[in-house]
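Asker: All chains should be built: construct the whole structure from the sequences, respecting the hints.
Protein chains in written order, with our numbering: chain A, 288 to 659; chain B, 19 to 223; chain C, 1397 to 1667.
What the hints contain is simulated information worked out from the structure, not anything from laboratory work. Since the structure is predicted, the reported quantities are computational estimates derived from the model, not experimental observations. Among these hints, one or two may not hold up.
[Unchecked claim] Now the stretches of chain C that chain A is said to cover, found in silico as 3 or more residues with beta-carbon under 8 Å: (1) 1420 to 1427; (2) 1567 to 1579; (3) 1600 to 1611; (4) 1621 to 1629; (5) 1632 to 1642.
[Said to hold, decoys possible] Okay, the calculated beta carbon distance ranges per label pair: (6) D156/B with D1457/C: 37 to 45 Å; (7) K494/A with D1437/C: 35 to 43 Å; (8) E600/A with D84/B: 52 to 60 Å.
[Unchecked claim] Below are the EDC-like pairs computed for lysine to aspartate or glutamate, each with C-alpha atoms no more than 20 Å apart in a straight line: (9) K159/B with D1652/C; (10) K372/A with D406/A; (11) K549/A with D1410/C.
Where is the CB? At the ideal position from N, CA and C, for every residue including glycine.
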Amino acid sequence: MSDNLMTYCSSCAMPSTRPRITYHEDGICNACLWAREKKSIIDWDVRWKELEGYAEQLRRKGPGFDVIVPVSGGKDSCYVAYRMKHDLGLNPLLVHIEPPLPFELGNRNLDKLIAAGYDCIKVAPNPSVMRRIARREMIDFGDPLLCWMIPVRAVLFRIAIQFGIRWIMWGEDGEVEYGGLSHSKHNPIHDREYELRYLLSGNDPRKYLDEFTEDQLGFWLLPSQEEYENAGIVNMHMNYFDAWDPYRNYMVAKEKFGLEEKKGRNIGTYTNFAQTDSAMFDLHCYLMYLKFGFGRCTADACIDVRRGALDREQAVELIRKYDNAYPEPFIDLYLDYMQMTREEFEAALDKHANKRLFHKVDGRWAPLFEVR
Amino acid sequence: MLAIVDYQMGNIHSLGNALAFLGCEARVSRDPEVLLAADKLILPGVGAFDAAMRNLREFGLVDVLDEAVRRRGTPVLGVCVGMQIMASRGTENGFSEGLGWIDGAVEVITPTVIGTRVPHVGFNEVRFAAGNNDVVGDFAKPTDFYFVHSYHMVCSDPADRVGAVSYGGQELTAMVRRDNVLGVQFHPEKSQSNGLKLLGAFLRC
Amino acid sequence: MLKKRLIFTLLYCDGGYVLSRNFRLQTVGDLAWLRENYDFDAIAQSIDELVVLDVSRGERDTAAFAEHLKELSASYFLPIAAGGGLRSLEDGYRLLAANADKLVVNSPIIDNPALVRTLAQTFGSQSVVASVDCRKTEAGYRVFIHNGETDSGLDVAAAVSRATELGVGEIYLTAIDKDGTGFGYDGELAVQAAAATRLPIILSGGVGRYQHFCDGLAIEGISGASTANIYNFIVGGLSRARTHIAARDIPMAAWDFNLAALRGTANKEST
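Answerer: As structure tokens, then:
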């Protein structure tokens, strides 16, 4: 086993293969540095006041909605919705975009959130288009979940424009919280360009026009930069205003809305309360693992390390145990959804597996590296 | 053959497991014939002094044990309450007479250090008197054993106390020995490898 | 001097183990899972005590639980406390016959004090542990029973005093709000409970990483620190936790981790 295939953050266990991650003195990653800054130099009272200022400035002048909150019904969206409504006294419009291969549990949690007294628009982008894009991106980009990640953005912007609601409030910018760019830690606004280039990894849905008509892609194509600017959309992330803590969000969602967890742990990790709305997320994580050498457990364990609930060496044990998880229970679902044969599916995995990090053992990709 | 005296005073299975682990298949019995034929006895016990003596009497074992231990000189190991009832008398739930193999009384722990918690629960260091190498030769330094008790034995003859433990400003009796009678206040079967070493030594001596 | 205790708590539910977060249960695995994911022979030598609690939500099957306990514990030589759903003296006998040394009682302290008293009189105070589950409310720490669902109407001091009067020998104190969170123990709760009794107190609820044990054991009157976080301490986490604690001037018992070497040595000549 080779020693230096991967380098890891000295504080959490996020590897250098995470896109755009940066390392600082003592070998700590930007997410850990930020986690420390959150506890030390950031004055959260000042930032909350800033949010109240935005609320004054951006809220409706007449009847209607003040802010759009994208929701899955999971812990983070519950948290943002709650704070917007109860702590800022705003009238939020929740927007939900149905994911591929939804779990019953995700729907139940969403219904509980809405039932607590919210308005919600549920959008179901054309499922036959979604399937085909999932299949295409499984093969081309190695992430079928793009079929949903794109319409999440496009639909939100469309609704903002249609309803004349300028303000959109997301949960966290994962780049800052979990490793990646640090641009948005001192700026609450991230624009259309940032969404497209980084959060969608440069996957401009216009590329699908070679296969679909513009009509078919109505919920995929982003409004143009001009439309976006003319509508005066202010696209924000909550983690600028609030010391983001996914576990705290989970506890709030549980207490305020009765959020339910899965019975057992999710595939590829030890937790049961995050990302429980779509079976496609499990494949997304597995492909992330094959491409970058870190999976869902790394993501979860690093969050626990940063919030002080786990020592690094405990995290490493968990990661060694759970990261490499072929999502076996859902394979038939995936094949059916993406209309693939097992061979095509495996070929897509093979195509995207990082051959520097993995080799095949008994037909499955096994790591050549050891997490340490 | 080693016999564990079964007089319905608590956890004899753990002792049996520990002995089995060491390679000794003990008989668990209250049959006088078995107890008299045994070449070693273990008198276990979890619970109260008075209840333990009552059970021994009810099963008619007081005379049997006296015969085996006092007359025939069968080596015996008392554990926890099994050790306490070797004393002349106990005061738990009122006065009761003990087996009287060791002169002394079993009294409630009365710490002199304020804030000391009773019962005395957990691992604590036992210091052994010189000259018991057959049983405690493995322990050159004070050694940790698991205690869980609210009463302790006060020996009339200090020479009988061959192991002591400090608690709450007092020196409590941790091990007693007189001739073929050996007793430990702690639980060797619950004291990890330290306890198994002691049990092993008892089996060999 | 009396050593501090590092305690592992296994939560048993309908035949398997679970992870509890604020008393909501996540299915984990069965005994085979435990042996596969924990170096349990080593772990059982790295802790001072094992607590096994039946937290099954429906009707509890104490006989099945006792069988499970027996299978789990046969070759480990450390104190074991077991309980959860104890309803009779007979249940107590059953668990003690399955290698338990102590019985853990929770709801009966409030709704069946006679049982607690009987257990303490029959098996001795040192064999009965009162488990006290607390939730922080505006009125202070309140004690909840029935898996944390029913407000007992007592605050922590009152419940601990009652348990003490009923003759139990130890308190196993759990902060429901911290349970499973990894935020660390509720220190204030520990202080309040310690002031209300002279019994030894075991802290539970909140441990995520090694240092949390030390924080708990540093509190005046706290004898033991427990975790039930079955994922955080996977494989060899508890062995390392023990090393961590002992290195920080907290008195911990010492023994050789060589049980296997002692197997079958009964008849060998001592060297």
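Asker: Now tell me, hint by hint, if it's right for this structure.
Answerer: A quick look at each hint next to the structure:
1. With a threshold of 8 Å between beta carbons, the proposed coverage of the stretch 1420 to 1427 of chain C by chain A holds, since 4 of its residues qualify and at least three are required.
2. For the stretch 1567 to 1579 of chain C, the stated coverage by chain A is satisfied: 3 residues place a CB nearer than 8 Å to a CB of that chain, which reaches the threshold of 3.
3. Coverage of the stretch 1600 to 1611 of chain C by chain A holds [criterion: at least 3 residues with CB-CB distance below 8 Å; count 4].
4. Coverage of the stretch 1621 to 1629 of chain C by chain A holds in this model, with 3 residues showing a Cβ closer than 8 Å to a Cβ of that chain against a need of three.
5. Requiring three or more residues with a Cβ within less than 8 Å of a Cβ of chain A, the coverage given for the stretch 1632 to 1642 of chain C holds, as 3 such residues are present.
6. With their beta carbons about 42 Å apart, D156/B and D1457/C fall inside the hinted range of 37 to 45 Å.
7. Take K494/A and D1437/C: their Cβ atoms lie about 57 Å apart, and the range 35 to 43 Å is violated.
8. Between E600/A and D84/B the beta carbon distance is about 58 Å. The supplied range of 52 to 60 Å therefore holds.
9. Only pairs whose Cα atoms come within 20 Å are accepted, and K159/B paired with D1652/C is accepted, the gap being roughly 13 Å.
10. With a C-alpha separation of about 11 Å, the suggested pairing of K372/A with D406/A holds against the 20 Å cut-off.
11. Taking the CA atoms of K549/A and D1410/C, the gap is near 17 Å; set against the 20 Å cutoff, the hint holds.
Violated hints amount to a single one, hint 7; each of the other numbered hints is respected by the structure.
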